[in-house]
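**Q** Position one of the sequence shown corresponds to residue 163 (the numbering used here), numbered consecutively onward.
Everything labelled a hint here was simulated from the structure, so no lab data went into it.
Be aware that a few hints might be false.
What the hints assert, rightly or not - Calculated pairs, DSS-like style, for lysine-lysine (alpha carbon to alpha carbon, straight line, at most 30 Å):
1. Lys772 x Lys518
2. Lys565 x Lys772
3. Lys430 x Lys518
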Amino acid sequence: MSTLAPEPAPADAPHPLDPLTVTELATVVGVLRADTRVPDDSRFWGVALDEDHARRAAPGETRRARAVVFSTSARHAFEVDLELGDKPQTTAWRELDVRSPGCSSEEARQAAAACRADPRFREALALRGIHDVSLVMVDPESIGGFEPPEYAGRRLTWGSVWHRTSEDDNGYARPVQGVVPIIDMETMEILHIEDHGVVPLSEESGVFAAGTVAERPGLQPLEVVQPEGPSFTVTGQRIDWQGWSVRVGFSHREGLVLHDLAFAAAGKGPRQVIRRAAVNEMYVPYFDTASTQYRKNFFDWGEYGAGPLTNSLALGCDCLGVIQYFDAAVLGGDGVPRLIPNAVCVHEEDDGILWKHHDGRTGRTEVRRSRRLIISAFATVANYDYGFYWSLYQDGSVMLEIKMTGILSATGVEEDEATPYARRVAPNVAVTNHQHFFSVRLDMAVDGDPNRLVEVTAEHEPDPVLDPYGNAARTVLRPILSESEGALRTDPSRGLHWRVESTESRNRMGEPTAYRVHLENTAVLPVREDSVCARRAPFVGRQLWATAYDADRRFVGGEYPNQAEPGADGVHKWQEENRSLDGTDLVLWATVGSHHFPRPEEWPVMPVAKARLRLEPDGFFDRNPALDVPAPNSCHTPGPSAPDHCCG
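Kindly generate the complete structure, drawing on both the sequences and the hints.
**A** What follows is the structure, encoded as structure tokens:
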């Protein structure tokens, strides 16, 4: 395994869509701190590149950014537009609700320290036999929808509490049940300690680190070797591979972002497919009435941010082969820019058979192996770890695979306690039923603009004259012409999927060129409509939303979901404008996810579970675009049972 260094882009003319750098983030902070509206105690919640401007800008043109800054002493918060370049300056200030900014990692650490220092918190721990508070973990959790009325107007959080038996212990295996601190995130004051009664802590270890578990024998080395290097090239943030070109971006809110995905079939120039792709929001609701569970419903991106939670990836563990890494710059809540080395990984993988046919008459076999380019990042959200793997294929397909792993969020239970909404995974430990929803924003550009969305289903032929045998089924196409029609549900029983069509380009059959959208893993909320979950995240009630592009409508669950009025903003509200979708800059908001019924086999650390979204060409090409993939000339490493020839 090895890593590659990218060819640098010209230093004086970065691409307008390149992610913000550490230097640019520091410039933003410097400009803001020089303003009297930003006192010394101010905190930050991310800086975003103005992508709408970047798409219209030329290389070298002054870049623009948007920052969120708030003061605890002045009790105000602002969203600020800035121009960077030789004379950086602010250009607009918009006041926000002081509760709107999400929680930074720095604030989370401060809140945990405040809890550990509080005498009431220590007293509650002592009742449970915990006296060394340095081994107590507190995860500040978003409180949206459950704000105590006596603390109205405050920026709040509540704490999930865990206990480690040593510095190296897995604290998430020992939930401290019944203790719930309510914290003012501006002052770091512990407003109240709820104590719902003592439940015994689990005595079973949840340690799983290397060296703590006896390893199984017989696993032989598996090496990925590319003696002539990879098939992709990297220039700055741009990747070219097997007809594909794509730019790697990164943002505070969404983490990994892909820009300008285009495909060039043999002998033809590049054709646009997707203008922008990113996991736009992650919503995780829990379904339990327990004191430490009922509040749990998280907008993980909108209330914390994917960027700062992104891992620095390790060579040989997260990716295999010849690897290209991209670093990422993020801004801490304290205003200090930080570089995440190896935040994004790019590598190739063998993906089995691409296409094959065996001619039984001649005995000849034609087979081509599939290879895919994977662009990936991992984010850790407290106990859970999420991998986001965008794969590009030689046949023009695109797949997003989301890998869910890490540690289940557990609750403490009595040995004889009924757990109707949870599953026991260890002594005195249960895990609540919950869901993971991932909303994927796809700014489509199939053969450029404009595009339209068409719903496709299968329907039997109702006319017996036309179908005397009763086995005819037709393809039914339903154009989605306006936003009011663009709140859509999946239905696998009817073969339902969607086509994104160009309204201007046609293939040789005279049909619109198109890409097909498949949502392979979906779920619906199993809760009452008046529940906090259903009211806070209406977007999960449909699997696909379609809107016309609007630069100010960036996030499916609303611009600032933290302590916002449930349902006040988001894609369900935008639909009310009912703009035309018949030939427009089309944005899709696709939601994939899973209903997580916990298993003992997922404890103390969870094997990867997956959710997928696929896009595949549907009349975009005139025939199989992968016919030109070379036949394989190396299929095996010689061994005792290996043949002395290959299939090419």
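**Q** When you check the alpha-carbon spacing of Lys430 and Lys518, does it fall within 30 Å?
**A** Between Lys430 and Lys518 the Cα gap is close to 25 Å, so the pair holds against 30 Å.
**Q** Please work out if Lys772 and Lys518 have their alpha carbons no farther apart than 30 Å.
**A** Holds - the C-alpha atoms of Lys518 and Lys772 are around 27 Å apart, at most 30 Å.
**Q** Lys565 and Lys772: Cα distance at most 30 Å?
**A** 5 Å, holds
Checked against the numbered hints given earlier, this structure breaks none of them.
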